[in-house]
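Chain order of the listed sequences is G and C.
Quick note: the first sequence uses my numbering, first residue 1, plus one each step.
Quick note: the second sequence uses my numbering, first residue 170, plus one each step.
A few of these clues could be false.
To give an idea of the interface, some chain G residues facing chain C are shown, with a C-beta separation under 7 Å as derived from the structure [said to hold, decoys possible]:
no. : residue
1   : N31
2   : L33
3   : G38
4   : R42
5   : H46
6   : V90
Chain C is faced by these chain G residues, among others (derived, beta-carbon under 7 Å) [said to hold, decoys possible]:
no. : residue
7   : R18
8   : V27
9   : R62
10  : E73
11  : K79
12  : Q80
13  : V85
14  : E86
15  : V87
16  : V88
No wet-lab data here; the hints were simulated from the structure.
Ideal Cβ placement from N, Cα and C applies to all residues, glycine included.
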Amino acid sequence: MLEIKPKPAVAAPQTHNRIRVLSLLVVDGQNTLTKISGVIRRRGFHVRGISVGPSRQPGHSRITLQIDHGHAEADQVRKQLERLVEVVEVEDLTGDDVHNRELVVATVAASELDALLKRGAKVLSTGSDGTTVEFSGDADQVADFVNELARHGIIDVVRSGPVVMRKSE
Amino acid sequence: MILEALEREGVEYIFGYPGGANLPIYQHLHEHPKLKHILVRHEQGAAHMADGYARACGKPGVVFATSGPGALNLVTGLCTAYMDSVPMIAITGQVVSTQVGRDAFQESDVIGATSSVTKHSYLVTKIDQLPRVIHEAFHIATTGRPGPVLIDICKDVQQADAERVNTEYLEIPGYKLNGHVNLDGARQAAQALAGAERPVILAGHGVLLSHAERELMQLAEAAAAPVGTTLLGIGAFPVKHPLSLHMTGFMGTGWCLKAVQNADVLMMVGMRVDDRVTAKLSEFAPNVKTFIHVDIDESEMGKNVRPHIELVADARLALEAMVPQVTKVDAGRAKWLGQIDKWREEHPLRYRQSNGQLQPQDVLIDMYKRARSEAIIVADVGQNQIWAALWWNYDRPGLFINSGGSGTMGFALPAALGAKFGRPDLPVWCVAGEGGFVMTAQELSVAVEHQLDVKIVLLNNRSLGMVRQFQDDFYGGVRSQVDLTHMPDFVKLCEAYGLPALRVEKFEDIAPSFDAAERTKGPFLIDFRIDPEANVYPIVPLGKGLGEFREAPEYA
Ligand SMILES: Cc1ncc(C[n+]2csc(CCOP(=O)(O)OP(=O)(O)O)c2C)c(N)n1
Ligand SMILES: [Mg+2]
C-alpha cells in the first residue's frame, strides 16, 4: 500500500543533519570514480568521507560515502548515483545500526606511548624518529584519539575514510 | 567490425566527419552500402542532425567524429540531446591506446568532457570489449529514459577484428529499468484526479517518448481534467481539444497558468518540472493539495517538487493503469472547466497587428494554414521558438521539434535536415531567428547536396530578440550587445550556397512567398523581415511566480 504523506510541495532542504551514509557496489573501471565524483559535484553534494576497496564480487568495488546532500532532498544522493550505469547498487545506511570504522596511523615520540596504548592503539614499528601506532574505531573514537595525539605532539598522522557495515541481527 | 555492428543494430544514417583518429572506420565505409553517411560541415551539425533524425523517426541518431577537436565539437549537441532525453550514439575516434595519456596529437579526454552530457559513455582500449559495448550502447540509449551514449574508440581498436557478440544476451547489472506500475499508486492517482475539484494534468516529453498520447486523452476525458503541455510535450495533447490548456511554463498561455495556479490536484506526467515550468518554485501551483508525479526516472521524484503520489514508471503504462480506475468525477467539475473557459477568453493569445510591420504571428498563421497537421516544425531558440510553439495548433505528436532543456541556438537547421532524413514522407519546416541560424548555417551545403526538401523560415528581427526583450522588460531597458544589423544578405548567402531564397517585408507577400516555397522542390529559404520590436507574450518576469505573467498590451 502506497502511503500518501502530505509534505511541503517545494523540495525543501533540511538544515540539520544533511549527511547521508551510503554503501555503493560499483563496477571496476577507468571511468567509475570520475563519473561518481562528477555526479556529486554537479548535483551540489559534498563528500565528507570516502573509502574504496575491493568487494567480494570479482570486478566490483565497494565504496563507502559520507555525503552532504546540500540543498537537494536527502534521497536524491542515492537516486542520482543509481542512475550511473557503473553503479550496481546503492545502500543508504543513514541512521541504521552500523559498524562504522575508521583507521588512523600516527608516529609519535616513544615517550608518549603509554596513554595511547591504554586507548587501544597498536604499535606497528619503532624507529629512531619515533614509534608508529595504529588505532581504529568509530568516527568519534578516532577523533578523540587524534585529539589525544595532538596533546602529545604528533610527528605524522594519516586517517582513512570510513568503512560502514550494517550490524547483523 | 564497427560498421558491421551498426548494420546489425539497424542503423540507416550516420552523420559524421572524418579525421586522423577515425580513418580506419572511414576506410571501410564504402563496403557497407546500407549505411548512408552524411558528411556534415561541422561536428555540432552532425550531433543536431542525428538529434533531429531521432526525434522525427524515433530511431537512435548515430554520429561519427574524430578525436580532440572533432569530438569536442559534439559537446553542445550531446548536451542538447541529453537534456531532452533523445537517443543518440556518438562514436568518436581516440588516439592509439598506447598513446593515451601522453598528450598525443589531437588527444583529449573525451569521456571527461562529455560524461556530464551523456547518459553513459565508454572508452574502448581493447578490441574484445567492442562488440559488447556497441550493443550495450544502443540498448542504453534507447531504453528507459533515452539519452546519448558516447563510445570513444582507440584508433588501434578500430583496425582490429573481433568475434561477433551474441546480441540476445545482455547483462548490465548497473542499468535498471523502471517499467512496472505500482497499481495501488495508479488507483490513488486516478481517484485523486477524478475526485479533485480543480484538477490539471501537465504532460511532458515523456508522454511523447512512451507514445502515451492515446492513454493521456483517455484519462483526461474520463476524469474531465484539462491538460497543458510543456514546451517539449507539445503534441502530446491536441491544442484544439476542449480540455487543452495549450502550453504551460513561464511563457505558457494565460489560461493554462491560471489553471495551474488554482488547481487543487496537479498531475505531472513525463516531465522534469524544471524552473522554466515552475517559475519561482515557492509560488508554483500554491493551491495544490496533491501533487502526482509520473516519470520513468526515479531521480525526478522530489528533485524540484515533492509529489504526494509518485509513480516511477513508463508514462504509457502508468496512464493505461489509471484509466480504468477513474470512478466518480467530482460534481464541481463543470464549474472548473467553465472557469477555465472564462480565463481562455480573458487571457487570449494576441499580438500587434496594425503598425504596418510584418508580424511573426502572421507568418506562422499562414504557414499553419498550409501545413495543417502534416508538417514537422523544427524551431530554433529565442522568440522564434516560443512563437512557433504558441501560434500553431499542434494536434498530433512528433510535429514540433526544438531544443527545450538546453536551449541551443543553432539547433534548428541541422535538426530539420536530420528530421527530413528520418521522415522523408513529411514536409519539414525550419523556423529560426537570424542569430541562431548563422551559428550552424554552414549545414545549408548538406541541404543542397542532398536536395532536402526543407523550407527555412527566418524570423529576422535584426537582433537577439529574446535577449533584447529580457533587457527591455527585466534589465532596465538597457539594450546591450543585441543588435544584429550587420548580418549577411540572406538571399545572396543562399545563392552562394546554391539554394533559392526570397526576402519578405510586407504582409501581402507572405502568401506568395510560401506559394513559391511550396512550388520549389528542395531547400528554400524565406527571410522574413519582421517587426524588430515584436515580443513574446505572455511572459513571467524572471524570479516571479507563474501567477504574475505579463500579457501583450492591448492593441487597437
Ligand atoms: C548557443 C547559445 N548562445 C546564447 C544563447 C542565449 N540566447 C537565448 S535566445 C537568444 C537570442 C536569439 O536570437 P535569434 O536567434 O535572432 O532569435 P530571436 O530571439 O531574435 O527570435 C540568445 C542569445 C543561447 N540560447 N544559445
Ligand atoms: Mg533575431
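Checked hints:
no.	hint	result
1	N31	holds, 6 Å
2	L33	violated, 11 Å
3	G38	holds, 5 Å
4	R42	holds, 6 Å
5	H46	violated, 17 Å
6	V90	violated, 10 Å
7	R18	violated, 15 Å
8	V27	holds, 6 Å
9	R62	violated, 14 Å
10	E73	holds, 5 Å
11	K79	holds, 4 Å
12	Q80	holds, 5 Å
13	V85	holds, 5 Å
14	E86	holds, 6 Å
15	V87	holds, 5 Å
16	V88	holds, 5 Å
The earlier numbered hints that this structure contradicts are 2, 5, 6, 7 and 9.
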